[in-house]
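Q: Read off the chains here:
Protein chains: 2
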Amino acid sequence: MYKINIVCTGSLKEQYFKEAQEEYLKRLSRFCDVKVTEFGETRLSSSPSTSEIATALDKEYDIISSHLKGKVFVLSLEGKQYDSEAFCKKLFDSFSMSDTITFVIGSSYGLSQKLKGKYDNICFSKMTFPHHLVRIFLEEQIYRSFTIKNNISYHK
Amino acid sequence: MYKINIVCTGSLKEQYFKEAQEEYLKRLSRFCDVKVTEFGETRLSSSPSTSEIATALDKEYDIISSHLKGKVFVLSLEGKQYDSEAFCKKLFDSFSMSDTITFVIGSSYGLSQKLKGKYDNICFSKMTFPHHLVRIFLEEQIYRSFTIKNNISYHK
Chain A
0 MYKINIVCTG SLKEQYFKEA QEEYLKRLSR FCDVKVTEFG ETRLSSSPST SEIATALDKE
60 YDIISSHLKG KVFVLSLEGK QYDSEAFCKK LFDSFSMSDT ITFVIGSSYG LSQKLKGKYD
120 NICFSKMTFP HHLVRIFLEE QIYRSFTIKN NISYHK
Chain B
0 MYKINIVCTG SLKEQYFKEA QEEYLKRLSR FCDVKVTEFG ETRLSSSPST SEIATALDKE
60 YDIISSHLKG KVFVLSLEGK QYDSEAFCKK LFDSFSMSDT ITFVIGSSYG LSQKLKGKYD
120 NICFSKMTFP HHLVRIFLEE QIYRSFTIKN NISYHK
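Residue numbers (numbering that gives the first Met the number 0), protein chains in the order written: chain A, 0 to 155; chain B, 0 to 155.
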């Protein structure tokens with residue numbers, strides 16, 4: 000069975016995001032094992048300096064690194080953009096080499112350069128969205144990939 | 000007061016999308032009047048031909064056209080991509096010329112070429128998402144624009 004790890008910041012606060020995630024994870028359970036690992040966001044002051052942010056991201060890098068398995072993708076604004084068909088292809092090309100794929104979603108301040116430099120970067124949108132909403136984008140798009148791969152009718 | 004029209008297909012079915020929309024519309028009410036106009040999606044067979052789709056989109060074009068006011072943007076995969084800062088600038092540049100802005104979100108089959116040819120096209124993501132989820136992207140991003148414009152602290 001395909002295994003997908005989603006490594007992301009904090010637990011979903013909004014009830015509507017919790018329920019959206021629940022729905023997509025339920026749909027995905029037909030196709031793969033999904034594990035969502037939530038790591039705690041490093042607390043920062045309301046106006047942190049660049050070096051305070053960098054230190055926090057380095058600390059998060061260590062935590063995130065301990066959860067990485069198989070092929071790793073990080074979601075970042077600088078990443079490569081894929082349409083849904085190409086993302087599906089990328090996903091299953093990766094599964095042909097590893098039965099586990101890990102996606103990492105950063106916090107409000109993003110992800111450390113060390114992490115971004117080490118793994119494939121994917122950009123879902125040039126726009127900035129709340130990271131909890133990005134988690135829903137990712138789960139929906141993984142589900143869409145399985146429907147494309149299995150030729151299952153789904154919203155176009 | 001700024002006025003925003005969102006013209007889109009059908010009513011939100013999923014409770015979690017309804018609640019997410021409610022939250023963003025509540026937040027937006029501080030800054031602008033938002034009107035969401037939902038038009039009925041033309042019914043098509045499960046495997047419609049290209050010409051059946053074109054006919055349906057032309058029919059939807061007539062309905063959509065009757066709801067357009069002020070400056071119009073259509074959301075399409077072929078549209079221009081903006082980051083959040085640039086989208087904010089585009090929004091307020093448009094408000095400087097018109098107190099009303101209309102955004103159009105198509106159905107599963109997209110929007111007619113006539114409509115896309117006539118107005119500015121914006122692309123939120125190269126990936127295809129359910130149009131109900133795209134509505135949440137749009138509402139979140141409009142809210143984000145107001146926080147950027149008003150220098151209000153919000154998720155980065």
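Misleading hints may appear alongside valid ones.
For chains that are exact copies, the list does not tell them apart, and a pair is met inside one copy or across any two.
[To be verified] The calculated DSSO-like cross-link candidates involving lysine-lysine, where the alpha carbons are at most 27 Å apart (straight line), are:
id	residue 1	residue 2
1	Lys-25	Lys-115
2	Lys-88	Lys-125
3	Lys-117	Lys-17
4	Lys-148	Lys-89
5	Lys-12	Lys-148
6	Lys-12	Lys-89
7	Lys-148	Lys-113
8	Lys-17	Lys-125
9	Lys-12	Lys-88
10	Lys-12	Lys-117
11	Lys-58	Lys-117
12	Lys-25	Lys-58
13	Lys-58	Lys-148
14	Lys-25	Lys-113
15	Lys-79	Lys-89
16	Lys-17	Lys-113
17	Lys-117	Lys-25
18	Lys-58	Lys-88
19	Lys-79	Lys-125
Hints are computed from structural coordinates only; laboratory data are not their basis.
Q: Run every hint past the structure and note whether it holds.
A: Results of checking the hints against the structure:
Proximity of Lys-25 and Lys-115 under a CA criterion of 27 Å is satisfied in neither setting, with 30 Å inside one chain copy and 36 Å between copies. Taking the shortest Cα distances, Lys-88 and Lys-125 sit within 27 Å of each other both inside one copy (21 Å) and across copies (15 Å). With identical chains, the CA atoms of Lys-117 and Lys-17 are never at most 27 Å apart, being 30 Å at best within one copy and 39 Å at best between copies. Taking the closest pair of Cα atoms, Lys-148 and Lys-89 come within 27 Å of each other only inside a single copy of the chain (11 Å); across copies the shortest separation is 38 Å, beyond that limit.
Taking identical chains as interchangeable, the C-alpha atoms of Lys-12 and Lys-148 lie at most 27 Å apart only when they sit on different chains, with a minimum of 26 Å there against 32 Å within one chain. Taking the closest pair of Cα atoms, Lys-12 and Lys-89 never come within 27 Å of each other, the shortest separation being 31 Å inside a single copy and 31 Å across copies. In this homomeric assembly, Lys-148 and Lys-113 never come within 27 Å of each other (Cα to Cα): the closest approach is 33 Å inside a single copy and 32 Å across copies. Both within a single protomer and between protomers do Lys-17 and Lys-125 lie at most 27 Å apart by alpha-carbon distance, with minima of 24 Å and 25 Å respectively.
Taking CA atoms no more than 27 Å apart as the test, Lys-12 paired with Lys-88 passes in neither setting, with 32 Å inside one copy and 30 Å between copies. Proximity of Lys-12 to Lys-117 under the C-alpha cut-off of 27 Å is found in neither arrangement, the shortest distances being 30 Å within a copy and 41 Å between copies. Taking the shortest Cα distances, Lys-58 and Lys-117 sit within 27 Å of each other inside one copy (16 Å), while across copies they are farther apart (50 Å). Proximity of Lys-25 and Lys-58 under a CA criterion of 27 Å is satisfied in neither setting, with 32 Å inside one chain copy and 36 Å between copies.
Taking the shortest alpha-carbon separations for Lys-58 and Lys-148, neither the intra-copy value of 37 Å nor the inter-copy value of 32 Å comes in at or below 27 Å. In this assembly of identical chains, the alpha carbons of Lys-25 and Lys-113 never lie at most 27 Å apart, being 33 Å within a copy and 39 Å across copies at closest. Taking the shortest Cα distances, Lys-79 and Lys-89 sit within 27 Å of each other both inside one copy (11 Å) and across copies (24 Å). In this homomeric assembly, Lys-17 and Lys-113 never come within 27 Å of each other (Cα to Cα): the closest approach is 30 Å inside a single copy and 39 Å across copies.
Taking the shortest Cα distances, Lys-117 and Lys-25 never come within 27 Å of each other, neither inside one copy (31 Å) nor across copies (41 Å). Taking CA atoms no more than 27 Å apart as the test, Lys-58 paired with Lys-88 passes in neither setting, with 33 Å inside one copy and 35 Å between copies. For a Cα distance limit of 27 Å, the shortest separation of Lys-79 from Lys-125 qualifies both inside one copy, at 10 Å, and across copies, at 11 Å.
The structure fails hints 1, 3, 6, 7, 9, 10, 12, 13, 14, 16, 17, 18 (numbered hints given earlier, in ascending order).
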